[in-house]
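**Q** Here is how the chains run, residue by residue.
There are 2 protein chains.
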Amino acid sequence: MTTNTSTVTTVDNGVNVTALLGAREALQKAPEAAQFKWRASCEWLKGTHSRSTIGNFFGLGAEQSRNKTFTVEADHPQVFAAEDNAPTPVELVLSGLASCLTAGVAAVAQRRGIQLHSVKASLEADMDIQGILGIDDDVRNGFGTIRVHFDIRADASEDDIKALVAQSQKRSAVFDIITNPTNVFVTVN
Amino acid sequence: MTTNTSTVTTVDNGVNVTALLGAREALQKAPEAAQFKWRASCEWLKGTHSRSTIGNFFGLGAEQSRNKTFTVEADHPQVFAAEDNAPTPVELVLSGLASCLTAGVAAVAQRRGIQLHSVKASLEADMDIQGILGIDDDVRNGFGTIRVHFDIRADASEDDIKALVAQSQKRSAVFDIITNPTNVFVTVN
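Each protein sequence line maps, in turn, to chains A and B. Per numbering that gives the first Met the number 0, residue 0 is the first one in the first sequence, and the count goes up by one each step. Per numbering that gives the first Met the number 0, residue 0 is the first one in the second sequence, and the count goes up by one each step.
Calculated directly from the structure, the hints in this document are not laboratory data. Nothing false has been slipped in among the hints.
If chains are identical, the list can't say which one is meant, so a pair holds when it fits in one copy or spans any two.
No farther apart than 16 Å at their CA atoms in a straight line, the calculated lysine to aspartate or glutamate pairs in the EDC-like style are these:
{"#": "1", "residue 1": "Lys-45", "residue 2": "Glu-72"}
{"#": "2", "residue 1": "Lys-161", "residue 2": "Asp-150"}
{"#": "3", "residue 1": "Lys-119", "residue 2": "Asp-150"}
{"#": "4", "residue 1": "Lys-36", "residue 2": "Glu-123"}
{"#": "5", "residue 1": "Lys-119", "residue 2": "Glu-42"}
Can you make the complete structure from the sequences, with help from the hints?
**A** Printed below as a string of structure tokens:
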């Protein structure tokens with residue numbers, strides 16, 4: 000463990016692992032502080048074009064205000080007779096999966112004392128649009144299979160790099176959201 | 000049906016329903032053209048900060064090139080000892096769900112001859128971060144429950160507005176992705 004600690008201090012992937020380990024220790028003693036609520040609101044603009052706004056969230060037992068809000072637009076592409084003003088909603092989900100796994104790779108690498116040089120993820124997801132068009136009720140609306148490929152340059156063996164990705168996948172929120180069912184309750188007005 | 004068709008032409012939500020119905024008819028005769036592949040690539044920037052790029056996709060039997068690429072950044076917030084440069088990956092997923100349901104509401108309203116005035120979706124998702132922190136293996140990494148609330152102003156009865164949202168939900172790709180499991184295969188280097 001001592002050797003490992005000294006290795007950790009020599010690499011810098013920009014992740015504050017000390018703080019994260021401290022948070023883990025604190026939350027083990029106060030699990031109610033681990034209950035988070037993430038939020039987004041979405042405004043219809045025109046056609047299939049919309050703008051989501053992301054700001055405050057709840058966590059560590061309190062409202063967490065950011066000093067800014069983020070906006071994320073979405074639209075449908077021209078082959079769906081739309082204006083292609085922004086990525087499609089399903090491409091946003093893919094970027095959520097990509098960024099979640101990538102952040103995890105950086106955090107795990109920092110924890111394991113592995114200096115990263117570059118991380119690139121390439122994602123492709125199959126979709127049979129007979130589902131969303133209502134042509135065939137046996138076809139699901141969402142993705143068939145998603146393939147994620149990581150190309151990682153780091154000061155580590157091939158096996159150690161594979162283990163980084165495996166650990167990131169094991170702890171990824173978005174990987175879990177996509178691979179397992181979640182209840183969604185929708186209300187109106 | 001004749002009455003319905005004439006009603007449709009008097010409303011304008013910016014959705015080309017005629018083209019969509021034509022596409023549905025064409026794809027019924029050529030289901031292989033309905034096989035789409037959506038893509039995103041993601042580049043690690045620093046720490047938990049990354050940038051996804053969204054461009055071409057495959058569909059209608061051919062590569063579909065856009066005349067632009069979209070970028071979507073993600074990061075972790077300051078309470079996770081990160082820089083909060085962009086929304087979190089899970090907030091991107093929420094915005095994907097919001098925008099998918101919102102686009103569906105606009106399309107279904109156009110099809111049903113309902114003029115929309117405003118559509119706003121508010122989403123909140125519970126997450127127990129004991130999962131992603133590895134404190135408790137019985138806690139999932141992703142969301143507990145997601146609540147979506149729509150506030151819609153339209154020239155329609157309350158029941159008709161509720162039916163719009165129900166139909167959008169029934170045909171939403173992202174709603175399906177989140178509420179049902181999808182296989183994700185991850186490879187490295």
